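Asks: Given the coordinates of chain A, work out where chain B should sit on it, guided by the hints.
There are 2 protein chains.
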Amino acid sequence: MDESSVTIREVMLRDGLQNIRQFIPTEVKIELFRLIVASGLKDIEITSFVSPGAVPQFRDAPQLAQAILKENPEGAKISALIPNLKGAQNALKSGVRRLSFVMSVSESHNFNNVRRTTAESVEALKKIQDLKKDYPDMILKVGMAVVFGCPFEGKIRPQVTLRFIRQFYHLGCRNISLADTVGFGNPKEVREVSRLCVNEFPDVTFGIHLHNTRGLGLANAFTAYESGIHILDGSIGGLGGCPFAPGASGNTSTEDLVFMFEDMGVRTGVNMDALLKVSRYFKSVKRDVCFTSSILEAGIPIPRGTLTTPSPPLLGP
Amino acid sequence: MDESSVTIREVMLRDGLQNIRQFIPTEVKIELFRLIVASGLKDIEITSFVSPGAVPQFRDAPQLAQAILKENPEGAKISALIPNLKGAQNALKSGVRRLSFVMSVSESHNFNNVRRTTAESVEALKKIQDLKKDYPDMILKVGMAVVFGCPFEGKIRPQVTLRFIRQFYHLGCRNISLADTVGFGNPKEVREVSRLCVNEFPDVTFGIHLHNTRGLGLANAFTAYESGIHILDGSIGGLGGCPFAPGASGNTSTEDLVFMFEDMGVRTGVNMDALLKVSRYFKSVKRDVCFTSSILEAGIPIPRGTLTTPSPPLLGP
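From first to last, the protein sequence lines are chains A and B. My numbering puts the first sequence at residues 1 to 317. My numbering puts the second sequence at residues 318 to 634.
Treat each hint with caution, since some may be false.
Residues from chain A that face chain B, not an exhaustive set, calculated with beta carbons under 7 Å [to be verified]: (1) Thr-213; (2) Leu-216; (3) Phe-259.
These are calculated hints, taken from the structure and not from any lab test. Keep in mind that this is a model prediction, so the values were computed, not measured. Beta carbons are placed, not taken as given, at the ideal position from N, Cα and C, and that holds for glycine.
So here's chain A without its partners, still in its complex pose (with noise of 0.2 Å):
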C-alpha cells in the first residue's frame, strides 16, 4: 500500500445492522453485498458468528456466509466477527477464513460485552490461534474495544493498550485493530496510540474504527491515517453503534470517509456514485432506517458551473 492510499472496510453488515431489532431477509444482506462489492469496497465484514439468542439478526450467518462466499470466491476480503472460540469454530465451518475476534482493553467493558475478564479474552485468543493448525489460511485480526475510552472506565492509558497488543503479538498476531466504541477519543489521543502502535511493532497491520458519536469521527480518521494508519471501518450511511454503551450510536460515514480522503487526494478505490446506491437500496427496503452521514443529506460538492446564479443578495462569510 502506498502513502497515498488507504482501505476502508465496510462494516455496515455486521456493526451497522446489529443494532435493528427487525430481522433484514439474508437475501437483502446478499443484495447489500453485492452493490457494496459493485462500489469497489474490498474489505468487507459481513456477519457477527455470536449465539443468535444474543442477536437475532445475525442468526444466518453461516448461511449468508455461504452465499456470500459462494459468490466471490477470491474477490473481496470477507471477515466476519467472533467474540469467542465457538464463534471462531462455526465461521470457519462456514467458510470465513478472516476473523475478527473481539475484545476489550478494560475489565468492566470485556465484562460486559463478552462476558469474561480480559484475561480468559487472551485465553480464548490462544485457543482461536491454535485452530491455524486445521485451517492454515486462517488470518486473525484482534479487534480491540474501548481504546480511546471506556463508558464505565473513562479513559484508557495507551500503555494498557501497548500491553495487550504485546500479548497478540507474542501469540502470532498480525493485525490489530484499534477501535473506539463510543466515539470518546480526540484526534490527539487518536495520533499518539496510533504512533505509538505503529512504532512498537513496524511489522503489524494495524486498522482503526472510530465512532462518531461526538462528531470526531472524521478527525480522528485524518490523524490515525497521518499517523500510519491505513485501514479505517467504515458504516455506510453511518448505520449502526455498541447497543448497550450508551450514547454510542454512530459508525463514522463510508461516505464521508470517502469524500474526505478522495478530496485530499488519497486514492480509497471507491466510486461514490456506486457507493451511494448502497444506501439508496436499503432505504428502499427499510423505510425506517436512520442515516447519519453529512454527504448523504448534503451531497458531494456540485461541480463548477452546474449552478445558476442566484437572485437575491447573499450575507456573510
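Replies: Chain B only, in chain A's frame:
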C-alpha cells in the same frame, strides 16, 4: 494567547439567525447574548448591518447593538458583520467598534453575495479603513469568504487568497478570517492555507470560519489550530449557513468545538453546562429550530462510574 488555548468566536446571533425567516424578537436576542456571555464566550458577533430589505431578521441591528453595548461596556468583544461602507457607518453610529467586513475571494461568489466585483469590495474596504480617522478605536477585520472552495468556481488556489491578504495588509488590516463558506475544505487544504498565511504574515491575527456541511468542520478546526490559527468561529447548536449557496447549511457547532478542544487539554474558557443552556433557552422560545450538533445529540461523555451495568451481552468493537 498561549499555545494551549483557543478563542471560540460565537456567531450564532449573526450566522445562526440569518437563515431564520421568522423575526426573532430583540429581547430574545438580548437574552441569548446574556446566556452566551455567561457560558464564558468572550468574542461575539451579534448582528449584521445589512439592508433590512435584504435580511429582515437584522432590521433591529442598531437597537440590538445599543442594548448589548449598554449591558456590556467593556466585557466581551462585540462585533458585527458589515458588507459595505454604509453598513460600517451604521454599525459605528450604533456604537459597535469591531467590524467584520466580508468579501469573497472568487468573483462570482462576491458578486452574488455583495453585488460587486472583488476590486470594488477592496475599494469599499479602503473607505471603511478611512473611517479610523473619525473612530480611532475601530477594529476592522476582513472575513474572506469561499477561501476553501466556491459553489460557482470550485476549489480556490491558495495564491488567490494570499494575493488578497497582501492587499488587505497594505491597507493596514491586521485581523483576517478565512472562511470555508460552503464546507468544501478538507484538513490538508486547511492546514496548507493556514500555514501559508501564518508564515507570511506573522503580525496578522488570523481566525477561521468553518462550515460543517460535509462533516469536516472539526477535522478542519483541528488542523487550523495546529497550524497556528487560534480563533475559531462556532455557532451554538450548529445553527446557520449561507442560505443562497446550495448545501451550505450547518456551521461548526460551538458545543462540538469546545468539547474537542477541552478534551485535548486546550482551554476554551467555556463552561459546557452553561453553554448548553443557550440552545435549551432558544429551543424553548423557538420550538422548530433545528440544531446540528453532535454534543447536543450525544451528550458529553458520562463520567466514570455513573453507568449501571447493562444486562444483555454486548456485541462488538
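Asks: Decide, hint by hint, whether the structure agrees.
Replies: Against the structure, the hints:
Using the Cβ-Cβ criterion of 7 Å, the hint placing A:Thr-213 at the interface with chain B is satisfied: the shortest such distance is roughly 5 Å. Because the smallest distance between the Cβ of A:Leu-216 and any Cβ of chain B comes to about 6 Å, under 7 Å, the interface hint for this residue holds. Annotation: interface hint on A:Phe-259 holds; nearest CB of chain B at approximately 6 Å, less than 7 Å.
No hint from the list above goes unmet by this structure.
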